[in-house]
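A.B. asks: Chains as they are written, first to last, in our numbering: chain A, 1 to 510; chain B, 1 to 327; chain C, 1 to 285; chain D, 1 to 328.
One or more hints might be untrue.
Unchecked claim - Derived DSS-like pairs: lysine-lysine, alpha-carbon spacing no greater than 27 Å straight-line:
{"no.": "1", "chain 1": "A", "residue 1": "379", "chain 2": "B", "residue 2": "18"}
{"no.": "2", "chain 1": "D", "residue 1": "208", "chain 2": "A", "residue 2": "152"}
{"no.": "3", "chain 1": "A", "residue 1": "379", "chain 2": "B", "residue 2": "21"}
{"no.": "4", "chain 1": "D", "residue 1": "113", "chain 2": "B", "residue 2": "21"}
As the list claims (entries may be wrong) - What the simulated footprint calls covered on chain B by chain D, stretch by stretch (three residues with Cβ under 8 Å from a Cβ of chain D suffice, anywhere in the stretch; the number is not a length):
{"no.": "5", "stretch": "127 to 134"}
{"no.": "6", "stretch": "250 to 261"}
Said to hold, decoys possible - From the derived model, a few chain B residues whose C-beta atoms are all more than 12 Å from chain A:
{"no.": "7", "residue": "36"}
{"no.": "8", "residue": "50"}
{"no.": "9", "residue": "297"}
Keep in mind that the hints were calculated from the coordinates and are not lab data.
Built from N, CA and C at the ideal position, the CB exists for glycine as well.
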Amino acid sequence: MQNLAPQMDAAPIAPLLELSGITKTFPGVKALNNVSLELFPGQVTALIGENGAGKSTIVKVLTGIYRADGGTISVDGEQVAFTSADDAGAAGITAIHQETVLFDELSVAENIFIGHAPRGRFGLIDTAQMNTRAQEILDRIDAPLSATTPLKDLGIANKHLVAIARALSVDARVVIMDEPTAALSQKEIEELYDLVERLKSEGRAILFISHKFDEVFRIADRYAVFRDGEHVGAGLMSDVTEGDLVQLMVGRAVDQIFPSRTHSAGAEVLRIEGYAHPTEFDNINLTLKAGEILGFYGLVGAGRSELMQAIFGITRPSAGTVYVEGEACTIRSPADAIANGIVYVPEDRGKQGAVLGLPIFQNVTLPSLAQTSRSGFLKLAAEFALAREYTERLELRAAALDQDVGNLSGGNQQKVVIAKWLATKPRVIILDEPTKGIDIGSKAAVHAFMAELAADGLAVIMVSSEIPEILGMSDRVIVMREGLIAAELRRDELSPETLVRHAAGIGGQA
Amino acid sequence: MNDTARHIPDRLQSPALKAFKSWETLLLAVAIAIFVTNSFLSPYFLNAWNLSDATFNFTEKAMIAFAMALLIIAGEIDLSVASIIALASTAMGAALQLDVGTWGLVAVGLGTGVLCGAFNGLMVTGLGLPSIVVTIGTMSLFRGISYIVLGDQGFRGYPSEFSFFGQGYVWWVISFEFVLFAGLAVLYYILLHRTNFGRAVYAIGNNPTGALFSGIRVARVRFILFLLTGLMAGVAAVCLTSRLGSTRPTIALGWELEVVTMVVLGGVNILGGSGSIPGVVIAAFVMGLVTFGLGLLNVPGIVMSIFIGCLLIGVIALPRLWAMRRT
Amino acid sequence: EGAEEAAAELGNVEIIYTGPTSTTAEGQIEVINSLIAQGVDAIAVSANDPDALVPVLQRAMQRGITVISWDSGVAEEGRMLHLAPSSDALIGRTIIQLAADHLPDGGQVAVLSATATSTNQNTWIAEMNAVMGDYPDIEVVATVYGDDLADRSYREAVGLMQTYPDLDAIIAPTSVGIVAAAQAVVDQDMVGQVNVTGLGLPSEMAGAIESGASQSFAIWNPIDLGYAAAMLSYNLATEAATAEAGATIPMGRMGDLELDDSTTGAMANPFTYDASNIEQFREIF
Amino acid sequence: MIRYLKSREALLVGVILALIALIASRFPAFILPSNLVNVFTDTSPLIILAVGQAIVILTRCIDLSVAANLALTGMVCAMLNVAYPGLPIPFIIAVALMLGAVLGAINGILVWKLTIPPIVVTLGTLTIYRGIIFVISDGAWVNAHEMSAAFTGFPRAEILGLPVLAWLAILTAATFFVVIARTPLGRAFYAVGGNPHAAVYAGLNVGKTQFWAFVLSGTLAGLTGYLWVARYSVAYVDIAKGFELEVVAACVIGGIAIAGGAGTIMGAILGAIFLGIIKNALPVVGISPFWQLAISGAAIVIAVAFNARAGRAKGRIILKRAEAEAQA
Ligand SMILES: Nc1ncnc2c1ncn2[C@@H]1O[C@H](COP(=O)(O)OP(=O)(O)OP(=O)(O)O)[C@@H](O)[C@H]1O
Ligand SMILES: Nc1ncnc2c1ncn2[C@@H]1O[C@H](COP(=O)(O)OP(=O)(O)OP(=O)(O)O)[C@@H](O)[C@H]1O
Ligand SMILES: [Mg+2]
Ligand SMILES: [Mg+2]
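Bound-form chain A, shown alone (with noise of 0.2 Å):
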């Protein structure tokens, strides 16, 4: 790798990369709004937003997988077009997207180089240059893996690293990271850090995503916000404060966006004893009771997930019993656990939450059927009538019931969804980071919705990986940690300290 000389200490550098006016749209949501971005050379920028900004999708658009609507990107000064992730990868730009994007029935090596593989004789693809180029760069970022082994035999925190990997095999310029952190543990954070500076002193530009302040602090330059989809804001890591940036982020203090509600629990609704999996979770217990929101939190894969759909009838659990409203019921499948005002709002919306195929009142409608038919017979009118119910109560944005939900923006498929539990009259509400890629807006519009169906009555279980939501809103938090209960904390106890604290198993202590 050739080293582009650092030159900190020239004093305006040149940027080299240049995002200007780029927008791009998505059915029903205005992803990026004319947004700005600059990269130089040597320097780290962190790009910050809450979930759903748009920081992956600009991503996206630098790398070539989505064109943007309008704008330009120029690189050098020179301003360039891509078509395929290969034309970014040419013009020396290299990612690690958010989400892992390999191939389980390749090598380690061949998922790194798939697409710019080293060729020999005949131009066939030299397989022992390619894996022992595989495995220099593995070991230059310490990850424990052999080239050779199929991707399919990896857990998830060595398939990232492989993808971090990837994104190094190119000689590349400009490096994106979306949430490279996310899936990592903490000595492999540590090695990462190592690494962005070895790049940083190679002088390349480096854009950082990431949701922990922490780590932004501690590595970036120069910060970049956006808000739903617009950019709100960039400069010097030294110039601001956690504060400012929260303030930028989210437009106003974070306080406010949590309904302020009154906590009294009812009876108890749920209760579940020594419940327990052969591979995902064990002895659990916990106990819920009407108006009552139960808090989950935990890192991602602690098995919360697991955990929630195991009570929902997905999968089986080996052992253990679940009481409604005191007695005990056999949940077999989702249709029992409905049957037993169980229901679950699912962290994949796209894939569980929503058929997306389906017409809005049709999704709603999907488990209430029995409802809105007589014996089993549709009746259109009464299905509208319920659709209409609850997709109002929530306030749902849509141009007609008939439109199907893949035409909606995220927060209103949320909505749908939501809707469709509520349309069950359920007991108890599972919701699996309920806020997850939904705009500002819709997200203050579920936390008030969720207060009150509290109010109501209703038991809530809400699994989220955002400590603000979860200190927010919750009455009790049960963390997780490795599939098993770390800890039960009452709302008094509760402090991001304290919820990290248990969540990575460091200290039992407060």
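Following the hints, complete the assembly by docking chains B, C and D with the ligands onto the known chain A.
C.D. replies: Showing chains B, C and D with the ligands alone in chain A's frame:
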């Protein structure tokens, strides 16, 4: 947040307008065009008896196509239907040797169909196998059993009442098969478009995981769909056996692809999630009219198949080409 | 071709020659339906399946259409008469005789048939078995089916030679099978050890006779058969004759057809071809 | 090493050896080298087609038109030979490869540019290609005696005791091992079928890769078309009818995942050999040919059921205890 709840209308456009812009309308236009062309090209076409005879070219296949349409909308496929006909027909022939009466024969035929469907359904839902693979296997297996039983022999000598199902007329030129076809079309229309079950079929075809997470018993619905398809193959077996008055292991050879062609031509998305029974009904007529019309012109059958092949690709390609031109 | 010749001779006859999408009974029914619809005067059919066509042909007869079957027959109730290319008994005897001619000391023979459902093949084989008593030294070791597909027949022939290393002759009463079997014998280097015989066309079998894979084979003249079928249809349709047991119906230059109790008549004896006359006929058919 | 022994391919080799042993125990003649050569030669067309089909299935497509392509190309070769008996065989082979590629490319274009589902495309072209044979041949057969000796002799000619047909199957297999393992396109087949979404991120063109899969499958079908017609010395509309499903069955038995992205060329070849042995052994073992269809059907059903069990994805393990146990 505003206090007055925003009103969301039920529909963006009226159902009539939507129906007018639909695939079915396009297909109906094609069918009418073929009908008119045929009447001009052949003097024998517009004759009640001839048209009635022509319906036999598609009625049995269409019966299976109805159930297949549901199956394909739900994201599955059954390539073994023609083999189920062979096996069901063989079972009826075997029952005939045991002096089973007409209704007994019908029961045996339908029962065999259901059993075969259940076998496919179990393999797919129980073991979680892709249906295309399973039914490529059972396609050989079912017809293979028929070969084992019959070898180079055939069954014949079905009772004369039995011949009603495939050769009988209910009124004037209206054959029993045609009445059955029409009746089943209505039943399947109601099942798919007017019941909770039909809604579940669409949901599963669109997003099986989402349907499961919405409390739909996905495996059960899929299993029932395989049963239904088997049953319809059994019904077709009764009609066809009655029409031929005999059973050979080669009966209905190659029908699976014709049935799938009919379903796809009817506007059912082969990847699942969309399609309608009226579409399939019109497609059945289109295929029947094309083969009969070309037959009257003494076009060899194999040349007709070119026509059907082009029709299949053409009707799907044209809207896409059109969309490409406009962008 | 033969039918066209008859049409030319009769002057006022139009021949429609057509076939189905696929060689299945259902396909033939579709074709017959369209012929009925066109109001033809006569249908002469060579059936894929003796029983399956009966209902539709009965309907044709109800609508006043003359129906005869030829070559591969339809069950009695489905046609007025059946024109067999030759008498089944004669063919049965001919095919075993052809094999026996070259096996003075007896030996093992196997039969390679077409599809398991083809009527004529089965009848001939049955007739052949009926006269096996006359050939005490010859043993029929197996009957296999090549489905009238070249590859299948070829494979079955190879299988026969492997299963029965002492096999002396393969009888293939099908023009596809006999060619494939002869090819297999050549490929397996069994010329001289295994003699292929049966029914085949001189044009296709000339090579096999030359190579010695086949000593001799027999066939009737397909042109004559088409001609006879057309003549018979004409005579029945014009009500110049009626088809009933024992009747004699003229078929132009082919003489008269005599119907037996099952209203079946045989056109002529099969003719045997060998090295002495193959050159003369290979160009003809 | 253990990985290889436990692989699906090794298992299939075991099953094939067991099958051969079983047949040989009653019919020793079956394992005579000459007979095994025969069985392999007989299976060669299936092997060549299975290799092409495997590639198509790897990219999440299916090609139901291979048999029709084979028949059409075969007919064109035969008619060329009849019309110009002097044409050299290499020229005929070049025509076969090219025509096959063009027919495959038609499928590929429809899949790539119009994004019509492959099963619909190939269902349509299947009937169209067959129909075209009828149109160009007028339904007539081309028989052995009309073909030149060189034309029919080529696949039969023996090199080192093995007919050219068998050598071509081996050559095809070898070539495609290299293509799959060592060319960017070969790796792209896996990537595109395994995770089309991620393929876009890797800069691969999904539709174009699928297009090339169809072209390769078509080319191999074309080659087989000539070989088939020459070997069986006959060409007519219905040759190899229904063979497409046998080819798919070979792939499925060989462990090519119908959902794309998983499986090996070796697996497909072994699947073809497995079917070939069953087909050839039945007449030898003396089982009535009427059993053949049911037996191969049962073999497919059992094989897929088995593959499904073996290939069930290992879940992610959260509990440390369970993880430790799993690794022990
Ligand atoms: N392919 C798509 N189709 C439709 N909408 C999309 C698509 N991709 C992103 N969006 C929407 O665009 C907006 C911006 O999404 P983006 O993924 O860029 O957010 P982000 O800032 O990366 O959030 P996070 O921090 O959660 O990763 C969101 O509202 C999202 O729902
Ligand atoms: N080994 C793995 N392979 C692929 N994906 C994985 C793996 N491990 C975890 N994931 C993905 O990471 C995400 C988080 O895992 P999971 O949902 O189990 O964690 P969780 O504790 O429930 O946390 P969260 O509520 O944040 O999802 C899921 O989308 C899961 O599919
Ligand atoms: Mg993102
Ligand atoms: Mg989760």
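A.B. asks: Next, verify each hint and record whether it holds.
C.D. replies: Going down the list of hints, with the structure as the test:
The hinted pair formed by residue 379 of chain A and residue 18 of chain B meets the criterion: a straight-line CA distance of about 20 Å does not exceed 27 Å. Distance check on the hinted pair: residue 208 of chain D and residue 152 of chain A sit about 26 Å apart at the alpha-carbon level, within 27 Å; holds. For the hint linking residue 379 of chain A to residue 21 of chain B, the alpha-carbon distance of about 24 Å falls within 27 Å, and the restraint holds. Among the hinted pairs, residue 113 of chain D with residue 21 of chain B is consistent with the structure: their alpha-carbon atoms are about 25 Å apart, no more than 27 Å.
Only when three residues or more bring their CB closer than 8 Å to a CB of chain D does the claim for the stretch 127 to 134 of chain B stand; here the count is 7, and the claim holds. For a cut-off of 8 Å, the count of residues in the stretch 250 to 261 of chain B with a CB near a CB of chain D stands at 4, and the three-residue condition holds. No beta-carbon of chain A is positioned within 12 Å of the beta-carbon of residue 36 of chain B; the least distance is around 35 Å. The claim that residue 50 of chain B lies off the interface holds: its Cβ sits roughly 39 Å from the closest Cβ of chain A, which is beyond the 12 Å cut-off.
Every C-beta of chain A lies more than 12 Å from that of residue 297 of chain B, the closest at about 42 Å, which supports listing it as non-interface.
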